[in-house]
Amino acid sequence: MNWPEFRRAFRLPLGKRAVKGEVAAELEFHLQGRIEELMAAGLSRTEAEREARARFGDLPRIGAELERIDREMVRRRSLAEWLEGWRRDLRQAFRSLRRTPGFTAVAVLTLGLGIGANTAIFSVVDGVLLRPAPFQEMDRLVMVWQTDRKSGTLREPASLPDYFDLQRESRRLDRLAGFVPAEITLTPDDGEPSRVATLLMTHGLLPMLGITPLAGRGFTPEEDRPGAPRVVLIGEELWERLFLRDPAITNKSLRLNDIPHAIVGVLPASADFGTLQILGAAAYGRGFADRGGPARVDAWLPLRPNPTPESRGTHPLLMVGRLGAGVGLEPAQEELTTLAAGLERTYAQSNDGRGIFLEALPEVVFGPVRPALLVLLGAVALVLLVACANVANLLLARATTRMREVTVRAALGASGRRLAAQFFAESALLTGAGVILGLGLAVVGLRALMGMAPSDIPRVGSIGIDARVLGVTMAVAAGVGLLFGILPMLQLRGGNIQSLLQGERGSSAGKRHRRLRSALVMAELALAVMLMAGAGLLIRSFWRLHQVDPGFAAERVLKAEFELPRSRYSRRIEAQRFADELRRRVSALPGVVSVAIAGSHPLDAGFTSSIVVPGREAEAADWPEPSIRRVDAGYFRTVGGTLVAGRFFDASDDVEAAPVLLINEAAGAQFFRGTNPLGQRISLWGAQRTVVGVVGNERIHGLVAATPPAVYMPVTQEPVSGGSLLVRVRGNPAGLAPAVRATVRELDPGLALFGVEPLGETLSNSLGQRRFTMVVLGAFAAVSLLLAVIGVHGVLSYTVAQRTREIGIRMALGADQGNVRTLVVGQGAVLAGAGLAIGLLGAFALTRVLGTLLYGVGATDPVTFGAVALLLGGVALLASYFPARKATRVSPVEALREE
Amino acid sequence: MAPSDLELLRGTLDLILLKTLSWGPLHGLAVVRWIEQTTHQRLQIEEGALYPALHRMEQRGWLEAEWGYTDQGRRAKYYQLTALGRRQLALELRKWSRYSEAMGMVIAAEARP
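Order-wise, the sequence lines are chains A and B. Numbering follows numbering that gives the first Met the number 0, with no gaps: position 263 of the first sequence is 262. Numbering follows numbering that gives the first Met the number 0, with no gaps: position 113 of the second sequence is 112.
For the record, the hints were derived by calculation from the structure and aren't laboratory data. Be careful, since some hints might not be right.
What the hints assert, rightly or not - If you want the footprint, here are the derived chain B segments under chain A, 3+ residues with CB under 8 Å:
1) 47-53
2) 66-79
3) 90-101
As the list claims (entries may be wrong) - With the Cβ distance kept under 8 Å, some of the chain A side facing chain B (calculated, not the full set):
4) M72
5) L411
6) D465
Values in this document were obtained by computation on a predicted structure and should not be read as measured data. Each residue gets a CB set at the ideal place from its N, CA and C atoms; glycine is no exception.
With the sequences and hints as input, model every part of the structure.
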């Protein structure tokens, strides 16, 4: 049979609208063919039409079915084609990026750094400051501090009787609760005794905060009375460590300070209401918060308060209250001030000068870290800006060099959409890779931040990568990537292909690009300058702090703390015997230079007590209470204290001898201004004591704060039942720690040794938050400087590449290498100069926000700013040197032949 | 024998159409005519069923449709086997010959042993 000649007309058009017409045409063709056939066989037209339709069957139904099939087919095909198009674009984008590995690596790294750093820092800020605290009505919670007009201190703990009076009489606080920090020895059934941080609290504290136990129950009022059976609430971590989360925990008991306590419940790890921050804010009675390093409360005990009349003179209790519904801080403050004035009148002896200071709990907990975190937040936003500017810069450079390629393709008929899709695919690939890298960096960075974070940052444990944070940062980065990725397309649309084809050099788009890129680089440099100025100021502050004389020589001193349990050391002589034996045995260890035992180590604020100088009782009413420190004869030799006048303690100052004391310089200035303190008498703890010496100030409140007055008494006259063992060694102090631990274990296997670390570490831990801020800000400054340098290098290299011909002509006309180098480096200098000027202006305006983070330097310290200017200038010149060298190697002949 | 006395067995239409198109592109009407001629009118295709079958095969990718012109210069839609269609044809042929072989054995059997 003959095959009909098949002549192609056109491809089946893809389109839903065309389907109907096609189906109709196909069926019409069929029917017409049939009709002609039938007419040729002798039927009339009408008969033929009827016969043809009859043979075909239900025409409308079949037509509808065909349309349905075709429409479905069109839909599937266009989807498949769309996907295929994307795959092709992405594959091509991948290949094109692989051809320029330098560009790709830098762009991805830049994006990754920006996204990663931002996500990490935002996550910290979010976890610490922004996410709601797990307490009900946090904004109604207040710290109720006792104030002391005499010493001018604002944040002191309260006495038990005062607490009960305030609780009973206040109407504007609807609840008042309190707690006392303590460290107690936990003796597990098996294993070594350890020291755990504990809170003794009134039974109302947990319900007021809205903390509910994970298992078991809180304390009842009956358990919170003197002589009540011993009960304890344990922390989640302890539950896990000692009891493997045994649900039957409430049948168990725990040995604390050698006394069994029945476990009544478990508190969740998230129940930290800012204990460390509250303790840290207190003037004294800070307990384990002074320890430095991360402290976690492992056990809670009922306070079982016994408010005897005498106890009005001692101040152990930190009070937390809740404002009545609708009551503001001010009215409550007024009421409590009135109540405190009443107590002052009634109990003149103990309450003279005592007031009340209310402070919002969130302010206490978050206030101290807020400035540092906000500074870091601002800084990291600047880093993101630099990163975005850098990516924009890189993409623009790439776009410019590809302008010809794009133009040619457009001239050859590539549609705008097609080209845009390809640029879009490249940007999407870059951004995607940047996001993945950024996420990885965020995880690593966050881990590093948490490892470095000082313990005084609240809620550090609850920080995790936040999806919202990541999302926002990604969106910003992706926005920049895509915008600058398809910019060349927009320019193509606006410009005319003809001029582009003739050469990019003369094109206005090229010039626009160059100006935009220079502006971006200047912005990068300026932002980097601001960050460097901030970091520089913090580094200077830190350096200044390290130059502060702490009043003792911390190097080569090992510190270990202990507390003798009352159950086994109830008598003075027992504690003394232990101390003597410990001193003797540790002295015998190899490498030990000297040993001391003291009630508190040189960085422990300790406690205060009031003193009286006979004959000056009236004046003494306004004197602040000095810090009371009990030390042995070897103390000052061991910690390296200085003697200003008189003598240190010696072996003759024993129980038999007359009571003596030493004062520090601050106490001398406060109590004996203008007179010679030596030989004067001070009445303290019911005895008159003679001042035998004046010692240099030990910075017991840390390097930043001023040293308060302090008095020292010999432990031989006022023994301690706990405190610090201080050992000066010849070599590395940390190396002696195991030997010291072993010695203590030999002496008393049931005694827990804690806070074992070189004293130098204690000192540097006290600067933890400052170091944290400094290191992070320093890292940001370094990253932004690096990015800015990449930007400078990129712009100059590009300029050199573009001006090859011009340079060639210049050289042909007699310019030497020096001229050419000057030309390029000059351009770099202009960029750096402009960036530096803008950045320094910005820094002048911005470094003020560092405020309290600075120590010993002004916010516009000229030395720091000068150093930043030098560093940036040097690095920028270095970055322009390489392109300049390349320019000098241009061969005039080749340059002119090119193009 | 009167025309159209053989009912089409289910599932054989695909095979017939694939085979018909295996020599080259045809439009729908030509497919019908070719089948009628080849089978001497014994096998009559219901025309209404033909087109949905063709379209469905196109959807499956066995056929490719294209508009072209007949000898008379009329615009008609031509169907052509794709590579996938050829594979399908081979498959259907094997299936059919196994089927008819088995049928033959049944019919040729003389008595139950």
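Tested hints:
For the region 47-53 of chain B, the stated coverage by chain A holds: 4 residues have a C-beta nearer than 8 Å to a C-beta of that chain, and at least 3 were required. With 10 residues having a beta carbon nearer than 8 Å to a beta carbon of chain A, the region 66-79 of chain B meets the requirement of three or more and the stated coverage holds. Counting residues of the region 90-101 of chain B whose C-beta lies closer than 8 Å to any C-beta of chain A gives 0; at least three are required, and the coverage claim is violated. For M72 of chain A, the interface hint holds, the least distance from its beta-carbon to any beta-carbon of chain B being 4 Å, beneath 8 Å.
Look at L411 of chain A: its Cβ only gets to about 27 Å from chain B, farther than 8 Å, so that hint breaks. Proximity of D465 of chain A to chain B is violated relative to the hint, the smallest CB-CB distance being about 48 Å (cut-off 8 Å).
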